[in-house]
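Chains as they are written, first to last, in the working numbering: chain A, 1 to 298; chain B, 1 to 298; chain C, 1 to 298; chain D, 1 to 298.
One should not assume that every hint holds.
Treat identical chains as interchangeable: a pair holds within one or across any two.
[To be verified] Cross-link-like lysine to aspartate or glutamate pairs, in silico, DMTMM-like; alpha carbons within 20 Å at most:
| no. | residue 1 | residue 2 |
| --- | --- | --- |
| 1 | Lys290 | Glu174 |
| 2 | Lys176 | Asp89 |
| 3 | Lys109 | Glu125 |
| 4 | Lys158 | Glu239 |
| 5 | Lys298 | Asp261 |
| 6 | Lys298 | Asp257 |
| 7 | Lys87 | Asp35 |
| 8 | Lys290 | Asp241 |
| 9 | Lys14 | Asp54 |
| 10 | Lys141 | Asp52 |
| 11 | Lys14 | Glu77 |
| 12 | Lys223 | Glu238 |
| 13 | Lys83 | Asp35 |
| 14 | Lys83 | Glu162 |
| 15 | Lys298 | Glu238 |
| 16 | Lys298 | Asp52 |
To be clear, the hints were calculated from the coordinates, so they are not data collected in a lab.
There are 4 protein chains.
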Amino acid sequence: MTKEEVLLKMSKKKEQAILLVHSPDRPGLVRAITDFIFSYGGNIQALQYCVDMDDMVVFIRAKWSMEGFAFSRQETEEVFREKVAEKFDMKFRIFFTGNIPRMAIFVSKFPHCLSDIVYRLRVKEWDVEVPLIISNHPDLKPIADRYDMRFEQFRDVKENKEEVEARQLELLAEHKVDFIVLARYMQILTNNFVSQYPNRIINIHNSFLPAFPGAQPYQSAYKRGVKIIGATSHYVTEELDSGPIIEQDVIRVNYEDSVDDLIRKGQDLEKLVLSSAIWSHINRELLVYKGRTIVFNK
Amino acid sequence: MTKEEVLLKMSKKKEQAILLVHSPDRPGLVRAITDFIFSYGGNIQALQYCVDMDDMVVFIRAKWSMEGFAFSRQETEEVFREKVAEKFDMKFRIFFTGNIPRMAIFVSKFPHCLSDIVYRLRVKEWDVEVPLIISNHPDLKPIADRYDMRFEQFRDVKENKEEVEARQLELLAEHKVDFIVLARYMQILTNNFVSQYPNRIINIHNSFLPAFPGAQPYQSAYKRGVKIIGATSHYVTEELDSGPIIEQDVIRVNYEDSVDDLIRKGQDLEKLVLSSAIWSHINRELLVYKGRTIVFNK
Amino acid sequence: MTKEEVLLKMSKKKEQAILLVHSPDRPGLVRAITDFIFSYGGNIQALQYCVDMDDMVVFIRAKWSMEGFAFSRQETEEVFREKVAEKFDMKFRIFFTGNIPRMAIFVSKFPHCLSDIVYRLRVKEWDVEVPLIISNHPDLKPIADRYDMRFEQFRDVKENKEEVEARQLELLAEHKVDFIVLARYMQILTNNFVSQYPNRIINIHNSFLPAFPGAQPYQSAYKRGVKIIGATSHYVTEELDSGPIIEQDVIRVNYEDSVDDLIRKGQDLEKLVLSSAIWSHINRELLVYKGRTIVFNK
Amino acid sequence: MTKEEVLLKMSKKKEQAILLVHSPDRPGLVRAITDFIFSYGGNIQALQYCVDMDDMVVFIRAKWSMEGFAFSRQETEEVFREKVAEKFDMKFRIFFTGNIPRMAIFVSKFPHCLSDIVYRLRVKEWDVEVPLIISNHPDLKPIADRYDMRFEQFRDVKENKEEVEARQLELLAEHKVDFIVLARYMQILTNNFVSQYPNRIINIHNSFLPAFPGAQPYQSAYKRGVKIIGATSHYVTEELDSGPIIEQDVIRVNYEDSVDDLIRKGQDLEKLVLSSAIWSHINRELLVYKGRTIVFNK
């Protein structure tokens, strides 16, 4: 093994807790959090705290080692709620790196995002389980088969949307799916479906939102003559292409680029932006507040 | 003088002609152009040609040395029209580097773009004359005074728009202004005004268009939670913020950035993007076709 | 099929010729080229011409449709040499899109670049054949097997370098390989080997060259505290990491990024930069002059 | 006043303390810091904490409001040292936003960085005083004069380096200068001089370090054929162009760009990178550890 490989492999081995908080800004809040972690034997490994001065709201991310910590996962949450969160009227979530998140992937016909995700799964770049791939077309089944991943194809998705979604929701529950990635799924989910996974459905849109929402963004970008194209990954909400943005990136285009070239360059962007968003989600690097994400590692 | 200075100074000294063409794609068209240049003694220094495959339209930029060329500026245009352009049904323009373009600057209260432009004028980065600065406020007059530039302030621009514009147009004509730069002018020009300077009014908008047109783009960008902000320079057309885009650029923002930080970072973008667009315009690096620019040097 | 798919598929179907030239700057040179193309029935689709003012050397790329052209591939080259190139003392090469280039891939243990290349082959992003993958380790054989690609493993490459290379060269000749991609091969080729494929071996180096040549660039970048990391694809020459650069790209790192994070971010860069360089090579978008590349599409 | 202006102006008004720490990683360290701030009445406004896992060293930046804080500036430092720092063997510094830092600017002949800095001073982008500009040439005196800034010209700097530096150090002491900005000063300072202002002399180098250190980086970059050029701002140390990097940025160049174009594009980079580094320094956003900077706001 080369040094690079060793470094890639030895990492994140020991259990850690990650706390995400947003809260009204009150004196003593950070002290209370650090006191909680220290008093019960946790060693802080990362801490970020910032204030939204307009709303006087604070955002916090703290990570500590659970090695030698006084409580189990469940107790940690309960004790934190009782001893800290309730006093400060905080909204909080605590995650534990030992709880590997379970991700479902929804695809249609475009292979680029799914291929990129599958590559990262294969080289163990992410600590995530993928029990299920769902599609409305058979085209990408060979990719799933190659790695013995379960692939469920649904027909007539547009015509029988409610019925199809009901079966999909059953499957997701059955496989204990924590969050969903729409890897160019090309279907609009119903509000009912979306409401079951709030801030837990990640979409990739092939433009720099809020520019060019909806269909055919590369064609629109070409026609508008933009000099830079983009891709945007966001949580899905009821309003199309309007959910909290997790990650965006862009690339220059030039006078010789046709719509084909925009698509080719853009697809490379799409897969990187989607994978970067998944990374932030899995590593609990972000929280959502008033329709925006606070991403602590970017 | 250092080597860098020498290099900066010795450049573009000898007269050159720059030809910009868009035309239906017809056999022999490039040959006819290169033949014209060569036959009359011009030495080609740059040539770019590309085809829009959807419309079967070609775009061409050619630059040649006028040293030893058979014709004067005016004759060159006439002979080209007769011998080449008419045969191929071309739209063309020929510019000569010895004809220094005359630029008017419209400003309001923000100093950043004007300061950046004035710096570039002072160090002779651009071959351009600025006979006139027009403003609806007195705030930036000291900048103009410092360099003995003519500064005309117009009051009550909003209330008497037509009357004010009539006087402005007179001034522009009197000073033989070729093109106008709106360096954060903060006023909307009437269609009548715009129609007098087609593709000759350059605006800077403080967002990545078509995202966040209109007022308060930084506030909107913050509220939408974008991860990257941008600036866009475009030719002004009748429809607000919808003219042909000349240049765009972007910069990442992060979770700690407030609206203030977006403004601070964005203003640096605005001035660079505007100056880059002016550079392309002055150096005749672009043409407009169907609401888009073809920028040959990017 | 979606519109995006249709656009991706219908492209580059008809045979085209691509001419690359560098030459002393002489009057009439472009005219002679465009005349040659037009006279024999070619329709120009792209043309770029620029002058290196220091050396008074011109660089040209021209592309034309062979449909209805008077000559076969071989004749085209011969007639061009005789009628144009010799008069102007040009160095030139003519490529034809119907001649699909044959690429060998050399790998070691890192899968990221090979996986990315294999994906692009699978979706037919590139017009290229890959008859052969060569490796000094068995690790990546499963990737080759999955797509029925020939995978040749060589043992003891370091110890028996000359013998191993002799056998490799035989294999390359046998498979009519046109150019070689070192997709993180981790071995230094001998000068003898390199000299057989001048400007036809493409390497990816995991730093922004000339910064951090040689081994362990991510560790060096971390230690030096750079704020941006990069990747560089270049043609291999006798001097390590010093060949003509084809493509580079960069990404920001921040204070929380460990060497692991640099490797993770960097590997995404490496594969995109390498694939972009392969694209330019395959599409004959570049030429080499005095140790630099002139890349016409960037 | 527009909304943008109001936002720009109302900011950073109330006194804040900024604590920068690096320390061996010991349990309870963050708790001790937050406890100190809270116990004495400070309200935390920002906090960032990260661990270098290789060295087991932690880096911390904390900012709190001094309004209602129990101690004066001087006491704050003493009490923190006694109650917190000594227990944990921390290296720390505390800054107060009310102590406006005093910056000297060293220039030579290039105006671009000085002009950019002067613009930012004029619009009050930075909370900084500039009592002194030092130069080895008279060329930029008019810029200083225009804003009534003190400009000291030293002749024969190369020949009488020690004597000149002795007088410069006197002037710096006399004007109570806190830190120095070399805005393309083009002279190498002696080790003696540098040692008087450790991590307090900010230089701008016109390349992406460690690529192209020393003289003529644009010429070298052109010759090497890089596809991206950069600029680097760093603290000056005894070894040329090897001090801790504060900020870097890059821009693409293309096949038409001459050395002149690299210089033109690069100078825009240089001024932005230098100003960004000054911003980080003034706002106490960074610390230096083992030859690297930890920059908390990027």
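Homo-oligomer pair classification [aspartate 35, lysine 83; C-alpha up to 20 Å]: both (11 Å within a copy, 17 Å between copies)
When Cα atoms must be at most 20 Å apart, do lysine 176 and aspartate 89 count as within-copy, between-copy, both, or neither? neither (30 Å within a copy, 48 Å between copies)
Copy assignment of lysine 14 with aspartate 54, given that the CA separation must stay at most 20 Å: Between copies, since 16 Å is at most 20 Å while 38 Å is not.
For lysine 14 vs glutamate 77, is the C-alpha pair at or below 20 Å within one copy, between two copies, both, or neither? For lysine 14 and glutamate 77, the Cα distance is within 20 Å only inside one copy (19 Å; across copies 37 Å).
Since the copies are identical, ignore which copy is meant and state whether lysine 158 and glutamate 239 lie within 20 Å (CA to CA) inside a copy, between copies, both or neither. within (18 Å within a copy, 37 Å between copies)
Homo-oligomer pair classification [glutamate 125, lysine 109; C-alpha up to 20 Å]: This pair counts as between: shortest inter-copy Cα distance 16 Å, intra-copy 24 Å.
Under a CA distance limit of 20 Å, which applies to lysine 83 and glutamate 162: within one copy, between copies, both, or neither? neither (44 Å within a copy, 64 Å between copies)
Please sort lysine 298 with aspartate 261 into within, between, both or neither, judging by C-alpha distance up to 20 Å. So lysine 298 and aspartate 261 pass the 20 Å test across copies only (12 Å; inside, 29 Å).
Classify it for me, lysine 298 with aspartate 257: is the Cα-Cα distance of at most 20 Å met within a copy, between copies, both or neither? The answer is between: 10 Å across copies meets 20 Å, while 30 Å in one copy does not.
Copy assignment of lysine 87 with aspartate 35, given that the CA separation must stay at most 20 Å: So lysine 87 and aspartate 35 pass the 20 Å test inside a copy (14 Å) and across (17 Å) alike.
With identical chains, the pair lysine 290 and glutamate 174 could be close in the same copy or across copies; at 20 Å between alpha carbons, which is it: within, between, both, or neither? neither (31 Å within a copy, 52 Å between copies)
Are the CA atoms of lysine 298 and glutamate 238 at most 20 Å apart within a copy, between copies, both, or neither? neither (26 Å within a copy, 33 Å between copies)
The structure is inconsistent with the numbered hints 1, 2, 10, 14 and 15, although it conforms to all the rest.
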